[in-house]
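Visitor: Make the full structure from the sequences, and use the hints.
Number of protein chains: 4
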Amino acid sequence: MSLAGSMLQSSPTQPHINKAALEACITACFDCTQTCTSCADACLAEQQREMLLRCIRLDLDCADICDTTGKLLSRQVAFDSTLARVMLQTCALACRICGAECEQHGRRGMEHCRICAEACRRCEEACNQLLAVLVV
Amino acid sequence: MSLAGSMLQSSPTQPHINKAALEACITACFDCTQTCTSCADACLAEQQREMLLRCIRLDLDCADICDTTGKLLSRQVAFDSTLARVMLQTCALACRICGAECEQHGRRGMEHCRICAEACRRCEEACNQLLAVLVV
Amino acid sequence: MSLAGSMLQSSPTQPHINKAALEACITACFDCTQTCTSCADACLAEQQREMLLRCIRLDLDCADICDTTGKLLSRQVAFDSTLARVMLQTCALACRICGAECEQHGRRGMEHCRICAEACRRCEEACNQLLAVLVV
Amino acid sequence: MSLAGSMLQSSPTQPHINKAALEACITACFDCTQTCTSCADACLAEQQREMLLRCIRLDLDCADICDTTGKLLSRQVAFDSTLARVMLQTCALACRICGAECEQHGRRGMEHCRICAEACRRCEEACNQLLAVLVV
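Residue numbers (our numbering), protein chains in the order written: chain W, 1 to 136; chain D, 1001 to 1136; chain P, 2001 to 2136; chain C, 3001 to 3136.
Honestly, the hints are just simulated from the structure, not real lab data. Heads up, some of the hints might be wrong.
Covered, in the sense of this in silico footprint (three residues per stretch, anywhere, with C-beta under 8 Å from a C-beta of chain D), are these stretches of chain W [as the list claims (entries may be wrong)]:
no.: 1; region: 48 to 58
no.: 2; region: 69 to 77
no.: 3; region: 87 to 94
From the derived model, a few chain P residues whose C-beta atoms are all more than 10 Å from chain W [what the hints assert, rightly or not]:
no.: 4; residue: Gly2005
no.: 5; residue: Gln2014
no.: 6; residue: His2016
no.: 7; residue: Lys2019
no.: 8; residue: Ala2045
no.: 9; residue: Ala2078
no.: 10; residue: Arg2108
no.: 11; residue: Val2133
no.: 12; residue: Val2135
We treat Cβ as the ideally placed atom computed from N, Cα and C, and that holds for glycine.
Guide: Take a look at the structure:
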């Protein structure tokens, strides 16, 4: 079990939603925060920076949004499903837009963009899977 | 002019949207981040903490969401209106829910909740006013 | 009085340190978070980006550090002076290094760097003034 | 290899310091951000909240500090060893203070505090190991 999973297990407030989907989403959000922060920095160091401007910007936004989503989902006290739902939708969108941008550069050989695109895809999927089981 | 306004003015990337609405929204987001962080802490110190659990939790979420929104709006390079729109909607919702909770406690004499409710209302309004002029 | 000041005033936990210095430092930290976030973005859009790489990087670090310092100082419950002290020292250093870098570019006509350098200087001073009255 | 490790590997800017120690520290910082955020929430839900006030507060500080440290270390462009050093020292201290508090409650049977104390210890060690190889 992941650290996030052990923390959910040991909280006095048990989530009303599927714990496995919640755990996976929290982990994917923090992974994506790290990857997007790294990718913005790696893009900044590339020669073709002009071409990577949009990627850097989306990486910075996506890192902030995933960070906030990971923290919101880590809180179980007085969980507000309506707020969680819109935050998850925003996070899925950020990951979709950022992942698509990274994927293009990944295909042209930028390995950091390829890895980041994968992390964005996994986070987008994890958000969508949690949305599917989230009862509002 | 606010600091956020001067920074917008001096950026090589001029926003396509109303600069006054953007400036007001950035300032309101960072104000609300501070106020919600303080309010969570003040609620934690109150005697009636049981009653304030939901307020503390929403304060923490709202602080994170306003922080992320303020940063996203501070970036003008490759501005993505679709992502900005959903983030602003999420922020307006967080401020509405958190502001409503704080307002209740403010009416019962908790001054920190009353001030925080006002900051949430201002931020919600600033988000909605920016949404009204944001062309996607 | 600033919002941060009103929140301090209304908290059940009254700070043991000079409230005016604390209020000024919280406000300076959040101002600097915004300014550094904007400055990183403006630098990214400049033609001479190669020359601005260090500025962008320091802006991103300084934004994160000021944000964290502003939040830590906003919390009065079980205030740990030792931790506050090292965080303030770290924040003052980040602002000094980032401010010095920005100042150079400001002198060459980059207005966003000039404004950001000022915000960094104000935040560095506010941290140092709070450190001077912080009893460990 | 961890995601953070793959990102370091693929960045155009290769770190001058031990990559394994850097990777381990980045991962430990983001793990600790998640664990401390969860622990603050779990403590909030416990009956003995009065006893846990200091733990909640330190969890919130430690989460912010680890988050900022993980992001700073994820950036390799124009890496400033002096700033990295003080940030790592601050993070090690935050983890030590927060970990010690959590450990006490963990010994009294609070499983979330026990897990969080372990994450804090691992992060403190990872910071100290990176400090040991960081040349200023």
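Visitor: Does each hint fit the structure? Answer for all of them.
Guide: Here is what the structure says about each hint:
1. Counting residues of the region 48 to 58 of chain W whose C-beta lies closer than 8 Å to any C-beta of chain D gives 5; at least three are required, and the coverage claim holds.
2. For the region 69 to 77 of chain W, the stated coverage by chain D is satisfied: 4 residues place a CB nearer than 8 Å to a CB of that chain, which reaches the threshold of 3.
3. Proximity of the region 87 to 94 of chain W to chain D, defined as three or more residues with a beta carbon under 8 Å from a beta carbon of that chain, is established by the 5 residues found.
4. Distance check for P:Gly2005 against chain W: the nearest CB is about 27 Å away, which clears 10 Å, and the non-interface claim stands.
5. The claim that P:Gln2014 is not at the interface with chain W holds, since no C-beta of that chain comes within 10 Å of its own (minimum 26 Å).
6. With a least beta-carbon separation of about 29 Å from chain W, P:His2016 lies farther than 10 Å from that chain, consistent with its non-interface assignment.
7. For P:Lys2019, the condition that its CB be more than 10 Å from all CB atoms of chain W holds, with the nearest at approximately 29 Å.
8. Look at P:Ala2045: its CB is around 8 Å from the nearest CB on chain W, not clear of 10 Å, so calling it non-interface is violated.
9. Distance to chain W confirms P:Ala2078 as a non-interface residue, since its nearest Cβ pair spans about 19 Å, more than 10 Å.
10. For P:Arg2108, the shortest C-beta to C-beta distance to chain W comes to about 20 Å, beyond the 10 Å cut-off, and the non-interface label holds.
11. No beta-carbon of chain W is positioned within 10 Å of the beta-carbon of P:Val2133; the least distance is around 32 Å.
12. With a closest Cβ-Cβ approach of about 32 Å to chain W, P:Val2135 is found to remain outside the 10 Å limit, as its non-interface label requires.
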